[in-house]
Amino acid sequence: MTYVLNLTINGAAQAIALDDPRVTLLDLLRERLHLTGAKKGCDRGQCGACTVLVDGRRINSCLTLAVSLDGVEITTIEGLAEGETLHPVQQAFIEHDGFQCGFCTPGQIMSAVGLIGEGQAGTDPERIREGMSGNICRCGAYHGIVEAVLDAQATFQDGVKRKTA
Amino acid sequence: MKSFDYIRPASIAEAIAAAAEPGTAYLAAGTNLLDLMKGGASRPDRLVDITRLPGLDGVDRLDDGAMRIGTMVRNADLAHDPAFARAYPVVAEALLSGASAQLRNAATVGGNLMQKTRCSYFADPAAACNRRSPGAGCDARQGENRSHAILGWSENCIATHPSDFCVPLAALGAVVEIAGPAGSREVALEDFHLLPDETPERETALERGELVTAIRLPPDAAGFAAHSRYMKLRERTSFAFALVSAAAFLKVEDGIITEARLALGGVAARPWRSKVAEELLKGAALERRTFAEAATAALAEARPSGDNAVKIELARRISIRALLLAAAGTPSRLPALPGSPLSSQYGDLANA
Numbered sequence: 001m002t003y004v005l006n007l008t009i010n011g012a013a014q015a016i017a018l019d020d021p022r023v024t025l026l027d028l029l030r031e032r033l034h035l036t037g038a039k040k041g042c043d044r045g046q047c048g049a050c051t052v053l054v055d056g057r058r059i060n061s062c063l064t065l066a067v068s069l070d071g072v073e074i075t076t077i078e079g080l081a082e083g084e085t086l087h088p089v090q091q092a093f094i095e096h097d098g099f100q101c102g103f104c105t106p107g108q109i110m111s112a113v114g115l116i117g118e119g120q121a122g123t124d125p126e127r128i129r130e131g132m133s134g135n136i137c138r139c140g141a142y143h144g145i146v147e148a149v150l151d152a153q154a155t156f157q158d159g160v161k162r163k164t165a
Numbered sequence: 001m002k003s004f005d006y007i008r009p010a011s012i013a014e015a016i017a018a019a020a021e022p023g024t025a026y027l028a029a030g031t032n033l034l035d036l037m038k039g040g041a042s043r044p045d046r047l048v049d050i051t052r053l054p055g056l057d058g059v060d061r062l063d064d065g066a067m068r069i070g071t072m073v074r075n076a077d078l079a080h081d082p083a084f085a086r087a088y089p090v091v092a093e094a095l096l097s098g099a100s101a102q103l104r105n106a107a108t109v110g111g112n113l114m115q116k117t118r119c120s121y122f123a124d125p126a127a128a129c130n131r132r133s134p135g136a137g138c139d140a141r142q143g144e145n146r147s148h149a150i151l152g153w154s155e156n157c158i159a160t161h162p163s164d165f166c167v168p169l170a171a172l173g174a175v176v177e178i179a180g181p182a183g184s185r186e187v188a189l190e191d192f193h194l195l196p197d198e199t200p201e202r203e204t205a206l207e208r209g210e211l212v213t214a215i216r217l218p219p220d221a222a223g224f225a226a227h228s229r230y231m232k233l234r235e236r237t238s239f240a241f242a243l244v245s246a247a248a249f250l251k252v253e254d255g256i257i258t259e260a261r262l263a264l265g266g267v268a269a270r271p272w273r274s275k276v277a278e279e280l281l282k283g284a285a286l287e288r289r290t291f292a293e294a295a296t297a298a299l300a301e302a303r304p305s306g307d308n309a310v311k312i313e314l315a316r317r318i319s320i321r322a323l324l325l326a327a328a329g330t331p332s333r334l335p336a337l338p339g340s341p342l343s344s345q346y347g348d349l350a351n352a
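Going down the list, the sequences are from chains A and B.
Its first residue numbered 1, the first sequence is counted upward by one per residue in the working numbering.
Its first residue numbered 1, the second sequence is counted upward by one per residue in the working numbering.
Chain A on its own, in the form it takes in the complex:
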């Protein structure tokens, strides 16, 4: 049986025919749509490398069946930058050395975008660490990651202030 999914991926509406209900969102993105930014680390929801946004919320794409997501909007790391201009969270990860080998970085960045959108952590590093605990970094770049999240969040807030001023 073939299942037809209507998904909006990084702003582009797509109808996707799925021949197997076992396909996870992560495998759909990587193996069928060739969006290989989201990584398959543990494939069990423990490492966070597969984090993407579904309707603006960060989730583990490895633990989500694609077939159940008909009609949603998905944002992956490939959809963050606008042309050559990096997203503020991407820029902040570079400026603060928020990575070393880079394998976990797409998941870290998507998780950070989700965390800032949730608006629960404020400027407390401990709340940011707790909010990012679903993303493992084997290189141990956590210090830079927290700095990057704080910096990017401040950039967002500046932007909002300037727009509303």
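Hint data in this document are derived by calculation from the structure and do not stem from the laboratory.
Be aware that a few hints might be false.
[What the hints assert, rightly or not] Straight-line Cα separation of at most 30 Å, DSSO-like style, residue types lysine-lysine; simulated pairs:
# : chain 1 : residue 1 : chain 2 : residue 2
1 : B       : Lys-116   : B       : Lys-38
2 : B       : Lys-38    : A       : Lys-40
3 : B       : Lys-116   : A       : Lys-40
[Claimed, not checked] DEER-style ranges, computed between Cβ atoms:
# : chain 1 : residue 1 : chain 2 : residue 2 : range
4 : B       : Ala-83    : A       : Tyr-142   : 31 to 39 Å
5 : B       : Glu-235   : A       : Thr-123   : 37 to 45 Å
6 : A       : Tyr-142   : B       : Ala-126   : 31 to 39 Å
7 : A       : Tyr-142   : B       : Ile-256   : 42 to 50 Å
All of these numbers come straight from a predicted model, not from anything done at the bench.
Note that CB positions come from ideal geometry on N, CA and C, so glycine has one too.
Since chain A is already given, all that's left is putting chain B on it; use the hints.
The following block gives chain B in isolation, referenced to the frame of chain A:
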């Protein structure tokens, strides 16, 4: 992963009809189910997707003061619902002490009840497990069992239910609303998860085809908001299941406890409410000595199921800590590390 049929019903009635056949599982977020299916511990023939069913995602105050939470409400949405978190701060704290932000964004209220034990032998199809394969034996008895049950276990199974959310729910007398082939019914959350006895494969009170549709907190559950805490001991600060946990609730008038609730997590195949401890606390002053007596009473019947005698003392201590913090008053804002005794927010009490 074994192949399965995927069904997306349009109504609860359709879902129940589709789930009547053996080998069917309901699919909500799938955060636990898919994990088990990938490992081969769960092998359903068909999944009935309930994520689009109407009317299952409300958080509503009922006319009698009860609170009904739809089965499809996502963990994060419930914990961050301002009115809900104000009335039931411990439920919010327990939810936020569990899993990761990504999982909480997906995982549902009903799925939290239905999640399986994290016993590693249950998850490993190569291991003997009476819960997964009745009569196969229990590799956990002679295996790595440091995190296993200290209450309510049997020779057949020493697994624990891993939920944080269910611990305060049990203490607050929550009710599980169920729809099924024979109509609708309700079961007390305390009775929803079954102790293993001779039939560890029977994990919940649900019959075939039945679906959890909502959880309901009774009207009197909202009276503990000022003095309640959830405390959880785990192997690392965040994103780990409880070794032991405790939800403590007090109603206090003029320094005297007029009503108390206490439930433990991570200790048994169900959240473990201690009415003995609650009775001891009622009418007592807010004293550490009383809290210690209550905690000792709550663990009176505990016994190790393996290399886990330490959990009895840990559970006793985390109960005392939860009661002390409940007596001190619910914090106006949830701590940075929900449920963590290592939080830096409480001065001398933080690392007592």
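Notebook entry, point to check: Keeping to a limit of 30 Å between CA atoms, is the pair of Lys-38 of chain B and Lys-40 of chain A held or broken?
Noted result: Roughly 14 Å between the alpha carbons, so the hint for Lys-38 of chain B and Lys-40 of chain A holds.
Item checked: Satisfaction of the hinted span 37 to 45 Å by the C-beta atoms belonging to Glu-235 of chain B and Thr-123 of chain A -> violated, 29 Å
Next item on the list: Sort out whether Lys-40 of chain A lies within 30 Å of Lys-116 of chain B, counting only the CA atoms.
Entry: The hint holds at about 24 Å.
Check: Does 42 to 50 Å hold as the CB distance between Tyr-142 of chain A and Ile-256 of chain B, or does it fail?
Finding: Check passed, 46 Å falls within 42 to 50 Å.
Check: Has the hinted range 31 to 39 Å been met by the Cβ atoms of Tyr-142 of chain A and Ala-126 of chain B?
Finding: holds, 35 Å
Note to self: A range of 31 to 39 Å was offered for this pair. Does it hold for the Cβ distance of Ala-83 of chain B and Tyr-142 of chain A?
What the structure shows: holds, 35 Å
Note to self: Between the alpha carbons of Lys-116 of chain B and Lys-38 of chain B, is the straight-line distance 30 Å or under?
What the structure shows: holds, 14 Å
Figure legend: structure checked against the earlier numbered hints; the only hint not met is number 5.
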